[in-house]
Amino acid sequence: MTLLAAHAAVRFGLGARPDMPAPADPAAWLTAQIATLPELPGPGLGEIQAALRAQRRDIRHPGVGDILRTESTAWATRMITARRPFAERWANFWTNHLTVSRRAFQTAAWLGHYQRTAIRPHAFGRFEELLLAAYRHPAMLSYLDQTNSTGPRSVMGRRGRGLNENLARECLELHTVTPAGRYAQRDVTALARLLTGWSAGRGEQFREEDGFLFRAEAHEPGPKQLLGRDFPEGEEGGAEALRFLANHPATYRALAAKLARHFVADAPPRASVTWIEDALRNSRGDLSVVARALLAEPEAQRPLRKVRSAQDFAIAVLRALGFGAEAAPVLLATLTRLNQSLWNAPAPDGWSDEAAEWAAPEQLMRRLDWADELAGRTTAGGGADPGALADTFLGALARGDTLAVMQRAGSARDAIVVLLASPEAQRR
Amino acid sequence: MNTPRRSLLLGLGGAMVAGRSRLALAQGPAGDRRLVVVLLRGALDGLAAVAPYGDADFAALRGRHAPPEPGQEGGTLDLGGFFGLHPALPKLHALYRADQAMVLHAIAGPWRSRSHFEAQDFLECGATQRLSDGWLNRALATLPPEPPGAARRGLALGIDVPLLLRGPARVGSFASRNRTRLNTPLLAALARLHRTDPQLGPAFAEGLRARGFSAAVLAGQEPPPPGTGSFASLAGSAGRLLADPRGPRVAALELGGWDTHATQAPRLIGELRALDEGLDALRLGLGEAWSQTAVLVMTEFGRTARINGTQGTDHGTAGVAFLLGGAVRGGRVLADWPGVAPGRLFENRDLAPTLDLRRVVKGLLAEHLGLNAAALLRAFPNSRDADPLPGLLTEPA
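The listed protein sequences correspond, in order, to chains A and B. Once you know that position 107 of the first sequence is 107 in UniProt numbering, the rest is easy, because the numbers rise by one and skip nothing. Once you know that position 191 of the second sequence is 191 in UniProt numbering, the rest is easy, because the numbers rise by one and skip nothing.
Calculated directly from the structure, the hints in this document are not laboratory data. Check the hints yourself; a few may be wrong.
What the hints assert, rightly or not - Computed, partial: chain A to chain B, Cβ under 8 Å:
{"no.": "1", "residue": "P361"}
{"no.": "2", "residue": "G381"}
{"no.": "3", "residue": "G400"}
{"no.": "4", "residue": "D401"}
To be verified - Listed next, with one range per pair, are the computed distances between beta-carbon atoms:
{"no.": "5", "chain 1": "B", "residue 1": "G287", "chain 2": "A", "residue 2": "R60", "range": "42 to 50 Å"}
{"no.": "6", "chain 1": "B", "residue 1": "P147", "chain 2": "A", "residue 2": "A388", "range": "40 to 48 Å"}
{"no.": "7", "chain 1": "A", "residue 1": "E326", "chain 2": "B", "residue 2": "P198", "range": "35 to 43 Å"}
{"no.": "8", "chain 1": "A", "residue 1": "R399", "chain 2": "B", "residue 2": "N372", "range": "51 to 59 Å"}
Stated by the list, open to error - Covered stretches of chain B (in silico footprint by chain A; criterion: 3 or more residues with CB under 8 Å from a CB of chain A, positions within the stretch not fixed):
{"no.": "9", "stretch": "36-46"}
{"no.": "10", "stretch": "121-135"}
{"no.": "11", "stretch": "249-259"}
Virtual Cβ for every residue (Gly too), placed ideally from N, Cα, C.
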């Protein structure tokens with residue numbers, strides 16, 4: 001595999017597969033992946049609601065667990081077998097940007113649905129649409145405690161309920177303008193008031209297409225001012241505020257920096273950030289334009305500088321070994337073992353994207369152990385070809401000294417361990 | 001030992017746990033013979049493990065790398081006047097002296113590949129072409145089915161079932177939790193690969209240090225920390241599982257770290273000691289069942305007769321194998337010694353093979369597990385040129 005093809009597979013994709021030949025024109029291969037992701041089947045809102053109701057009646061009811069298992073297995077299968085790996089990575093990036101974690105117990109049943117219906121359809125659309133879809137989804141609404149946030153002067157508020165600022169605060173701090181947007185506590189409160197009434201329905205009340213429910217009786221009456229702008233009362237006021245934030249210059253800068261940090265380097269060069277920021281501004285947040293700009297970004301052609309997260313590493317290894325859907329449980333178990341279990345980020349800021357998190361002693365030892373187990377499984381049947389695997393897995397990224405150590409290894413298994421635990425295998 | 005969990009692993013019912021008694025032991029099912037195969041992956045240097053000090057050409061061949069003769073300081077352990085066992089194998093030597101261990105020298109399989117990967121596959125599948133199953137499994141498949149309630153007859157030790165034990169007969173598997181299989185030289189090589197990486201290098205080194213592999217250990221100046229050599233604990237577990245009257249009868253273990261291309265002498269000390277302790281742990285675990293046990297220790301090929309430019313040896317041809325156990329007619333070295341004079345070496349570089357490994361294995365399968373001629377040919381296809389070697393056991397089946 002050529003250096004350009006390896007870059008395409010490793011930096012922008014999920015890692016190469018032996019049954020998917022390296023593209024002759026890697027740039028064209030990547031660009032062709034920038035198109036709306038197909039809708040995916042899976043448990044629907046009715047099924048999820050029913051499972052949640054059953055669980056409320058009996059905590060041991062398996063419905064929610066079954067849904068989570070179905071969804072996570074489907075995700076894992078998709079990662080291992082994806083033929084549009086850049087598009088999948090892109091969707092994963094936005095899922096992580098708009099993190100919902102099952103550490104909040106009640107969100108577990110929603111997570112697959114959230115990624116399938118709120119994130120993926122908008123991953124190559126406008127950022128404002130993506131943000132709105134995420135904020136209208138029951139997963140986000142319940143994860144960041146929005147469902148019961150009540151305007152103090154609303155009908156419900158006058159009965160003693162009040163604001164919950166969680167979603168509003170994370171919106172400003174993490175999802176849009178970030179502290180660089182210089183918002184104050186009054187802006188947090190204003191956004192929280194704007195979003196009052198945004199809730200998830202139960203039973204028959206929710207909107208069939210997204211599970212969203214606007215509870216007018218909880219909405220804070222009157223106009224609100226956010227970052228110096230006035231927004232009207234009602235459901236539309238919240239939506240307008242989110243669109244305003246999604247297209248704020250500070251949001252573009254923050255998103256550009258985060259994309260550059262993910263695809264280029266932990267501390268990306270200023271030119272890199274500016275390049276992506278320009279694409280965001282000029283296209284008014286069109287993420288397909290941004291994706292194309294990123295692929296062409298000069299710094300993103302330079303040698304790999306990032307350390308793979310556990311997820312990146314595990315997916316790439318299973319792909320290189322040619323596993324299929326049968327390895328989905330392996331991937332999920334491995335993510336847990338490598339401290340990055342699926343949809344289970346410790347906090348709303350999602351999984352870290354920096355080497356400091358992943359180039360850690362025990363992390364590398366666990367990767368080594370796992371590499372050894374997988375190598376054992378791969379070679380136990382005989383006929384393993386470490387050289388061919390190296391070509392699929394790293395191609396021209398493999399270093400000469402790694403290949404030399406592989407060649408001197410005492411068994412095919414050891415050779416594969418050297419490959420999978422090599423420093424370049426940890427890079428993307 | 002966590003008995004219920006172990007039973008579960010073996011696919012045994014609760015009846016076995018409840019019925020664990022002396023009586024059950026006495027009434028164990030027929031066919032109480034145990035067979036253990038230990039694969040030494042990476043190619044053990046037979047001339048270092050068992051030195052032919054009585055061969056006048058040996059000292060010239062290995063020069064200062066030839067070990068001191070028996071009786072001298074740091075000398076080999078005498079095996080009857082011609083061969084000396086490496087001093088890191090004292091427990092094996094004790095078994096030899098008790099007539100419970102045998103050395104097979106100048107032995108090789110029928111392949112002449114010097115590729116580890118290919119030769120290990122051949123060693124396990126029992127042919128000179130790659131097959132999808134192993135000879136040990138095919139041998140098991142010819143035996144009558146296990147009695148009801150008993151464990152699978154075959155047992156793979158470690159996370160995976162090696163090719164040797166793959167095939168039509170279903171086998172159990174067991175892995176201990178403490179499983180740092182990777183050997184020190186391999187870890188040292190990985191640490192070297194990481195060293196130049198400013199982010200991964202320090203983290204990788206620290207990870208190894210936290211597991212007891214300091215720089216001195218990686219450099220081979222200090223022994224690896226106790227407990228990391230999981231071979232002994234795994235072998236002990238194997239012994240205890242095999243000792244169970246309703247447990248498995250055949251087990252396969254593996255131990256790597258034999259690919260000594262550089263600074264062979266100090267590296268072999270640690271590896272051979274791990275082997276010696278593992279074999280002893282196996283014996284202790286088997287307890288009384290040791291008397292019905294045969295253990296075959298084999299490797300994919302030997303190494304070059306001469307020492308290379310980095311105080312190591314490269315991939316060769318004939319080497320050494322060991323057969324030990326209470327059922328083995330030991331206390332002898334079985335070898336048609338080819339000599340190590342320059343003209344005697346295979347392709348002027350390796351110890352020449354004079355004993356076909358398949359003859360030993362077939363002899364063992366025939367005498368120990370009672371396989372007939374047809375079953376032996378199923379285990380080793382196209383092996384009519386390799387007659388089973390008789391007389392390996394004290395009491396053939």
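Hints and how they fare:
Hint status for A:P361: holds, given a least beta-carbon distance of 4 Å to chain B, under 8 Å. Checking A:G381 against chain B by beta carbon gives a least distance of about 6 Å; that is within 8 Å, so the hint holds. With 8 Å as the threshold, the beta carbon of A:G400 stays out of range of chain B, its nearest partner Cβ sitting at about 11 Å, so the hint is violated. Given hint, A:D401 at the interface with chain B, holds; its Cβ is 6 Å from that chain's nearest Cβ, closer than 8 Å.
B:G287 and A:R60 have their C-beta atoms about 45 Å apart, which keeps the hinted 42 to 50 Å range intact. Range check, B:P147 to A:A388: about 45 Å between beta-carbon atoms, so the 40 to 48 Å window is met. The hinted range of 35 to 43 Å is satisfied by A:E326 and B:P198, whose Cβ atoms lie roughly 38 Å apart. For A:R399 and B:N372, the hinted distance range of 51 to 59 Å is satisfied, since their beta carbons lie about 54 Å from each other.
As drawn, the stretch 36-46 of chain B meets chain A at 3 residues by the rule of a beta-carbon pair under 8 Å; at three or more, the given contact holds. For a cut-off of 8 Å, the count of residues in the stretch 121-135 of chain B with a CB near a CB of chain A stands at 6, and the three-residue condition holds. Under the rule that three or more residues need a Cβ within less than 8 Å of chain A, the assignment of the stretch 249-259 of chain B holds, with 4 such residues.
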